[in-house]
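Be aware that the sequence shown starts at 19, since it is given in our numbering, and climbs by one per residue.
Treat the hints as calculated values from the structure; they're not laboratory data. None of these values were measured; they are calculated from a predicted model. Careful: at least some of the hints might be erroneous.
[To be verified] With a cut-off of at most 27 Å between alpha-carbon atoms, the simulated DSS-like pairs for lysine-lysine come out as follows:
1) LYS151 - LYS141
2) LYS95 - LYS75
3) LYS95 - LYS197
4) LYS151 - LYS75
[To be verified] Simulated restraints on C-beta separations:
5) ILE64 - TYR189: 29 to 35 Å
6) PRO131 - ALA230: 29 to 35 Å
7) TYR189 - ALA67: 26 to 32 Å
8) ALA230 - PRO82: 38 to 44 Å
9) SER84 - LEU107: 14 to 20 Å
10) PRO140 - MET71: 28 to 34 Å
11) ILE137 - THR215: 28 to 34 Å
12) ALA188 - ALA54: 29 to 35 Å
13) LYS157 - PRO194: 48 to 54 Å
All C-beta atoms in this analysis are idealised placements derived from N, C-alpha and C, irrespective of residue type, glycine included.
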Amino acid sequence: GFMGWYMVKSGLSEALMKEPGAVPRVSQYRLTAHLATAVAIYGGTIFTAAEIMRQHKIATGRFPASDAAMLNNPVLKRFRIASHSLGSLILLTLLSGGLVAGLDAGLIYNEFPWMGNGIMPPKEELWSDRYVKPNDKGKWRNFFENPSTVQFDHRTLAETTATLTTILWAYSRNLPLPKNARVAVNTMMGAVVLQVTLGISTLIYMVPIELAAAHQAGALALVTSNFWLIHALRRVPL
């Protein structure tokens with residue numbers, strides 16, 4: 019609640035309200051922070067609900083012993099770690115999308131895979147002096163305030179996420195996974211294909227509201243499928 023108010027407050031300046039036809043703009047930092055708190059609440063709810071259902075099955079003797087044995091198999095250790103690591107990357111990609119939205123960075127370079135004359139903008143555009151503050155002389159703000167850099171970062175993170183998700187899915191094909199975990203990893207693969215399609219479509223059609231909203235929903239679906247997989251891989255006491 020507080021983060022929502024804090025975000026909105028950033029777009030309500032006195033000078034802006036006096037300017038005819040002005041469009042309020044909220045801080046991309048506060049927008050992304052608001053998104054992060056929403057995802058944290060959502061994730062906590064998902065994990066809590068899933069754990070309650072699992073514990074109920076265990077308590078009533080309805081959790082399959084064969085599934086418990088598979089989950090305690092040491093061969094799943096690497097896959098479990100990889101699923102957690104991929105989850106961190108998915109969340110980072112999602113949060114970078116908050117910066118894209120806050121800066122309207124999706125309204126430039128409306129093409130894929132190119133960005134102008136190459137796969138990335140010119141170095142002087144990505145690493146511009148325009149965003150350097152006099153008090154620190156640092157160019158690091160390009161990562162958060164330069165629309166070209168923010169879009170390039172989001173593209174790179176999204177492409178990496180899609181690639182690693184595909185690799186993880188392929189790796190899972192030969193693993194002894196319980197049915198719940200198998201369905202979760204397959205769902206995650208489907209979600210990433212859908213999300214990439216929505217992301218590219220949103221970009222090349224210059225961010226229509228319908229596609230942008232669908233892209234946000236796709237991000238939530240991908241995060242949910244990863245949360246599902248992570249929980250489905252938790253060990254169960256034999």
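Each hint tested on the structure:
1. As the CA atoms of LYS151 and LYS141 are separated by approximately 19 Å, the hinted pair is consistent with the 27 Å bound.
2. A hinted pair counts as satisfied when its Cα atoms are at most 27 Å apart, and LYS95 with LYS75 qualifies at roughly 24 Å.
3. The straight-line distance between the Cα atoms of LYS95 and LYS197 is roughly 17 Å, inside the 27 Å bound, and the hint therefore holds.
4. Proposed proximity of LYS151 and LYS75 is contradicted: the alpha carbons are some 57 Å apart, above 27 Å.
5. Checked against the hint of 29 to 35 Å, the C-beta distance between ILE64 and TYR189 comes to roughly 24 Å, which is inconsistent with it.
6. Hint check: PRO131 to ALA230, Cβ distance near 20 Å, so the stated range 29 to 35 Å is violated.
7. The hint said 26 to 32 Å for the Cβ distance between TYR189 and ALA67, and at roughly 28 Å that hint holds.
8. Hint check: ALA230 to PRO82, Cβ distance near 42 Å, so the stated range 38 to 44 Å holds.
9. Separated by about 31 Å at the C-beta atoms, SER84 and LEU107 break the suggested range of 14 to 20 Å.
10. Between PRO140 and MET71 the CB atoms are about 52 Å apart, so this pair departs from the stated range of 28 to 34 Å.
11. For ILE137 and THR215, the Cβ-Cβ distance of about 19 Å falls outside the hinted range of 28 to 34 Å, so the restraint is violated.
12. Evaluation of the 29 to 35 Å hint for ALA188 and ALA54 yields a pass: the beta carbon distance comes to about 31 Å.
13. With their beta carbons about 49 Å apart, LYS157 and PRO194 fall inside the hinted range of 48 to 54 Å.
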